[in-house]
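Asker: Spelled out, the chains give:
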Amino acid sequence: MTAPLFSLFNYWLVVVLMMIGFYVVIAQGNLVKKLFGLNIFQVSVFVLYISMGKVEGGTAPIITTGDRLYTNPLPSVLILTAIVVGVATLSLGLALVVRIRDAFGTIEEDEIEAQEGEPT
Amino acid sequence: MISQHLPVLQVVLPLISAPICLIIRSGKVAWAIAVMVTWAALAGALMLLAEVLRTGPISYALGGWPAPWGIEYRIDLLSAFVLVTVSAIGAIVIVFARASVAREIPSDRVYLFYVMYLLYFTGLLGIAVTGDAFNLFVFLEIASLSSYVLISLGKDRRALTASFRYLIMGTIGATFYIIGVGLMYMMTGTLNMADLASRLPGMLHLRTIEMALAFITVGLSLKLALVPLHFWLPNAYTYAPSAVSVFLAATSTKIAVYALIRTLYTVFGGAAVFAAMPIDEMLLGFGMLAMIAASVVAIFQDDVKRLLAYSSVSQVGYMVLGLSLGTAEGLSGSIVHIFNHAMMKALLFMAIGCVVYRVGAVRFHEIAGFGRRMPITAAAMLIGGLSLIGAPLTVGFVTKWMLLEAAFAKGWWPVMAVIVTSGLLALIYVWRLVELAYFRAPAPAVQVVGEAPLGMLAPLLVLAAINLVFGIDGTMTSGLALDAARALMGPAP
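Heads up: the sequence lines are chains P and E, in that order.
Heads up: the first sequence at position 89 corresponds to 89 in the working numbering, and the numbers run straight through without jumps.
Heads up: the second sequence at position 354 corresponds to 354 in the working numbering, and the numbers run straight through without jumps.
No wet-lab data here; the hints were simulated from the structure.
Some clues are possibly wrong.
Facing chain P, according to a computed beta carbon distance under 10 Å, are these residues of chain E, among others [said to hold, decoys possible]:
id	residue
1	Ser152
2	Thr161
3	Leu183
To be clear about the criterion: a stretch of chain P counts as covered by chain E if any three or more of its residues have a C-beta under 8 Å from a C-beta of chain E, and this derived list gives those stretches [said to hold, decoys possible]:
id	stretch
4	39 to 46
5	72 to 84
6	103 to 114
We treat Cβ as the ideally placed atom computed from N, Cα and C, and that holds for glycine.
Bound conformation, chain E alone (with noise of 0.2 Å):
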């Protein structure tokens, strides 16, 4: 009875419970409550997971109304996988928060902040859930309005500003996509993404649809800060509470690639738009401009956060560049690194917040030499470091792998050397962080600190292994990674 509820649920648990934290007003409570509805997502989105996989695609009729009228929660391959990995984050995260929103938000506002995480954590699911466009567009604003809350407790005050700025180009991002869905309802009338792939391809030359299509894309660029448009996100990871940065950098640009795939492959049917607009050569052009432009900047940041962010704007072009590739080979690096980026990038971020919480510091003259007096962290921030590059053994690799392999099955030996760059500038960039961590003399903070409290090494821990896991076996993900792409793709033509 339960399990057939249970699309619904990953949304309206957290949903609820958001407000009951707020009327408890207790940061204990609110944190016992977070920690049971993010770990009830984790095993709600496995158990779809594998009930998509014996099944085939979920669909659910929200209220009872039957699609393409009400609105439908479609969970196909793609949408299970993206949901385990942003739940698999909110759970492991919530763990590692505690200790860490301790130290660094003052008491009387912790509530707030687990109330704020389960709003966004309800966004992200509800963006991978649903099946219709424009309630795409209401999860989409209720994750952006909750991290915009969330990046601006920071102690710093700039972590305003990052905020302030956050939401004049989230708010422009999200305007211009119901831009493109209202323009879109103009020529179909229909909302659900289904209906909408079987009414759209007939219309493809339609200035209109041409219009919607340029909005929707620009709008969600906007928010997985694509290069050019991705000038808010370092300074919202910056400057945002540590275990903030680490949910932020692990799912928020992800669900943003998640939701530029469903529009391009499932309502606008991928080829046929890449045939019919050039979007996908203008997307391959912006990922590889991501990936060596932010790499080169992250190089000469002296801030490791930053640093951190980003690699994290290099890292959003690899994902551009699978999806534009056009091909299932592609589709699936793009997806697979949906999920090994959300794990190497929450494990480093995670490693310098076990820093900030010892020394309360993220620069590197500050933290110089954290490697002896916190062994655990600094071999964490290695193992993702290494991820990062794509050394063979990490999730790194498998992406890496996955994205050559495509390119080479192209011929396109161009993006294949970026992506080879890409590596090597991300060497130089994690090469610096090891030779930080081991190889300078502490800094003053640092000799007196020691290693970080367990409740923060444990998840860290665990999303070391998940990076070596999956990286020495990765057949697991990348397989599910390609029967996603393959689903998303259609019957071969």
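Okay, chain P solo, but in the shape it has when bound (with noise of 0.2 Å):
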């Protein structure tokens, strides 16, 4: 416990990391740039997963000849599984700002709010 800020500094980034992303999703009018704000968010939980799993010292978990310090495999497991819901949650909401874009002509919220009150 010698530097308790940087001890704990991958949960910092975290949480920077994190509220910015969820800070874009909220603000910002534009679909795309929502949409990354998002992506920014799904990351964080990414690092934050994989910070947990890192043992300090700890190489990668194959097996060798003599006891090694190892970091647990699973975390990182755990979030392959969790870039590829993200990559398809991406690609799938790009997806939809294309056919948005198409209907309204437009990828601004607001914009879009002023013309959803007519019917297509």
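Fit the two chains together into the complex; they arrive one by one in their own frames, and the hints show the way.
Answerer: Written out as structure tokens, the structure is:
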């Protein structure tokens, strides 16, 4: 506990990234920017998982001769799954934005809202 | 041999058939495959329920890796109950979907509808069978991603923006859920629900676990559209194709309620966590708010699908209220309402789906007087409406009765008053539907239409019958729900 600020560096990073992402989702009116905010938000969780699995001085969990300190591989594997989910979400979101642009002629939220009152 | 692998077949069968439909690229064949798969899943779910009743919870080690290292599929009474509910809805709606989808979705995209339908079905069943907290997230996202696509297939361009908003909200919800799971993993080193349940009780006072619970509850509340996190729901249900509205309204919020019950009761131990944190009071408050506020909003809608969507938001309140009471009786009211509300809301959305098929509209003035031209559809809607109010002899009554009893046992008069008030508010908006169907002069578009085709009426009548049969004799569903709730509460203290 000599340098508490830096021993938790990863987690500070997680919180900062998470808040940046979340803020962008809420504050941005542009649908594409919203999606990237969402992606930053998700990525912060990836960092959270990977950080918790890291063992200081540990190497990759590969079977070798002798006892070696290795990092917990499970969180990394979980995050591999979460990354796939994130990519799927982002690509589906972008595909929707393309369709929205075709239908409304804009990807700005306020302009879309103004048009939503009128039926197609 | 096969029966031993039933738990995993529930998920694998629809998961494999979805890409097969994608390769075949034929709407008709895809529909046939989807019918076979959903009915097979229903048969499997019923067999699992019988098995659970006979021998107790089933545990299935995926890939032969024993829990807690491997992913465990664990089917207890609650999972089996939810499995039967979801697969029954899936099997009934797929019959209805054929004609409805052919009318509302361009023919070159019909097979894609069935692909997404099967994937969504996979996600729902997966959430019900899994005994692993992270695996639940994966299935939650399978279900959510496919439901975004299903919604965006709607004709109206607002379906696209509805789907996009749901995507944003849903992803935030799911991400909150994995943050919570991650924090639990950090403290316990396990993701298996049973294993988590054995390790968490000693840690409930830790800040990390408190945060985990907060993230999971908020995340799942987004998914189950608990007021005030419900803004994605009304547009999504309103602009989705009719068959999608039926399927989503009957299952999407319900499965999230199931996940919340699973987390609060199985993983966090129910009473213990309610004693340590004021989570039950908060859920109770928001549940009651939903029951009143959403019902009031529903009264003022002039779009039938939107009215029903707000009604769904208020019905979610009932389920959340039941589970927040913290007693076996309250929880069983919640569980039985998962089944009951799935059946009644599917019936109502299906009836309006029939109207859309014939008239092509959902706004009040465009479909006025449809009861005279479509008597069977209107009668089915009436049964669904009565069920929503909680009239005797319908499934809605069973829920109301159980919740009232549970609130009475606790002596919480204000809660009972809220339940009754919400029922009265439902009476007002259901009356508006009845008046619309029977007592108004038929709109011009309505005058020329006939009854919906048999392929749509048959599932409608089956649902109406379920609403009546399990309403007249609710002992089976309520008995199952009570047993499931008792099992979740654990041995009495």
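Asker: Let me make sure I understand: some of the numbered hints might not hold for this structure. Which ones are they, in numerical order?
Answerer: Of the numbered hints given earlier, the structure breaks none, since each of them holds.
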